[in-house]
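> Residues per chain, in single letters:
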Amino acid sequence: MTHPPDNAKWNWLATLNAAGPFLGLLLVIALFSLKGEVREYFLTVSNFKIILTQTVIVAIGALGMTMIIISGGIDLSVGSVIALTSVVGAVLIKAGQPPLVVGAVVILAGGIIGLMTGGMVAGLRLAPFIVTLGMMGIVRGAAKWLGNNQTVNFKESPISNIMSDPDPLKWQPPPGVWVAIAMAVLMAVVMRQTVFGRYVFAIGSNEATARLCGIRTRLMKVFIYGLAGLFFGLAGLMQLSRLRQGDPTVAVGIELDIIAAVVIGGASLSGGSGTILGSMIGALIMAVLRNGSQQMGWPNYIQDIIIGAVIILAVGLDQLRQARQNT
Amino acid sequence: MTGVCKSFGATHALEDVSLDLAPGEVHALIGENGAGKSTLMKILSGAYTPDAGRIELDGTPFTPANPLHARRCGIAMIYQELTLAPHLSVEENIVLGAEPARFGWLNRAKRRDLARRALEELRHESIPLDVPVHTRTIAEQQVIEIARTLLTEPKVLIMDEPTSSLTQVDAENLFVVIDRLRQRGVSIVYISHFLEECQRVAQRYTVLRDGRAVGGGDMATAQVGDIIRLMVGREITDIYPRVPHSLGRPVLELRSLAGEAKPRSVSFTLRAGEIMGLAGLIGAGRTETVRACFGLDRICDGRIFVLEHESTHRSPALRLAEGIGLLSENRKEEGLLLNRDLADNLTLTRLNPFTRLGFINRKRQCETTRQWMDQLDVRARGPEQRIGELSGGNQQKIALGRLLHHEAKILLLDEPTRGIDVASKAQIYQLMGRLAAEGKAILFISSYLPELLGICDTIGVMCRGALTEVRPAADWTEHSIISAAIGQPTESA
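Residue numbers (numbering that gives the first Met the number 0), protein chains in the order written: chain L, 0 to 326; chain U, 0 to 492.
This is chain L alone, in the form it adopts within the complex (with noise of 0.2 Å):
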């Protein structure tokens, strides 16, 4: 049955689907770098560390995003989760306590909430877009509560390093982008190559088949948004770190952001398909958009603007590409 012609013509055409959200990074990089004054700043090394410590805390929340978006749900709720855990982590700190326990606490905070989020998915039945829009207000208000209404300071602590340059005339970015790299990885395994991954793609595949062939699909849905959850958690350790204070108004919108890098990078808001390396690469996107618009000196609506349009025609794209491939 394998002709090869055929066989050919269609890995190319998988590759060509793979490689998609890169070359649209590549794209974005290039187009950039056309004028030459820009260009100076902008293709620096030092500049693509700025680009990459700025896109660490869309990325980790990708990585949880990803997943939920992959089983068909959302989750609405991050931008909040990152400001309550930024917050307690905050406090801790100036309650004294070492940083691994002020890591750890900030990061199970955020696996907490992710699970209560799952529960309410789960248990009660109801949509995942409804409950995250419900923990987004009551998380908010929680951080809110918890620093008082204010920004909680502290003197020092060695979690601001995970953000911070090492040095400036040096290569090596800040330790935050190895941590996004590495469960960038570890969450691209996952995903590929075990029976989790292969369950969450089979929720959000078809809820009903994955039911009849015997996954628990509520228990799995506690799991997916309480392991997101621990994402959402790293990616407010790494907002404390680089802030250096804990803001409860932090990182508002932000969810909106991760939800684009997912979509960007060619998953499917029904559920069902979706990569890591792609919503990795769909960050990276938005990121160097920002960064670019900065360097030409376009202003904020241009900016915002230009993401926009960009979130639409990559998911046009999607769409067009998907229906030629179903044809």
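None of these hints come from the bench; they were simulated from the model.
We put the beta carbon where it would ideally sit given N, CA and C, even for glycine.
All the pointers check out, no bait thrown in.
Facing chain L, from chain U, some residues (calculated, C-beta under 10 Å):
| # | residue |
| --- | --- |
| 1 | 293 |
| 2 | 314 |
| 3 | 333 |
| 4 | 334 |
| 5 | 339 |
| 6 | 347 |
Fit chain U to the given chain L structure using the hints.
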């Protein structure tokens, strides 16, 4: 309608069918599932265009371009599933799509008047106009749906299984409504499996079988037995392998199992090495029975024994662990992960042979899949092809292969041969025979009687949520199965 033909691919859904309707007549259209009734009515109501033949309406040629066009020409259809907007009021539903308006502004007084007149016409003026439709009973909703069609002044009204969800009393009220419509001069095509209803409301009838009109006449002089003979009378060809298999100990026993609406009461014992057929009309509760049995739907009453141990309330995961597998009747919506590859679809319930510490060995997963593909003669590029790209027959083989890979000992197969080609069907029959010979127990739901009679050891028939006595297949004929399925007492034949 004269000489109407329609084919889908290689299947002749309709061959040279003719039907004539007099004004003010109720004409019963009778036939088994898949006999071509729906296709014929879809042609009349403009949803399909016929390959050949012509339709005349009031003596002039009529070629409906689409359902809307047909509706404007006076052909209205009432589907089995009601098409009301549940949150809108009764009144709004009746005028839906034909709102009296001027420059886009609704004329409320006129709307109310139209709705009231339509309900009065049907002698159901007691239905309040202001309440949301979903607060009314199913029977009243049906009257509302009929009232809606009256607004378009229909000449022909098609009713597809209108009583399938009604109680006896509500059905009787519906017949009164039908009589009123008939007196107004509306011609009605009445589709129903239930012959006693057809006798009650219709003046004439036409029987369809395998896409042909095989008989018809005046209802008053027709005998139920003759009609059933017309519905059945096809040649039974033997494409069914007979692998000898002996029945072992009971592996699955249901004792008066009842679900939320269906089944009402189902009891049977399935033995190792047995193929038990479950016959019945669509909506009789066969699918609901296996779903409840597999833990997909809630069980309200009754008990289930697996391998002679009670195990009534179990999730699908636990059922699979007990060695029970279910093949869904709905391949696309429930049976398969259409956008995943063959390997995942085939091995999802049993990944552990190639899993270590939670990590899947993809290579071995694909090897296993390839072996099953060879064994089941699946035509595909390879284990990594998306299953949605395969033909129905190949998809079904993978869905069945999942149960085989799972090493299920009890197989609940819901319409395993639906929508697949004849060659694949024959292969699936072969496979079922072989599995039974290996000592596996198979519950086989089918609406196609020849295959039930061809390969089953025993057959039970479901009617309105209840199961008849399960008898050896040799004791059944197509005639007696249909009689049991439509709730007619079995005649001594």
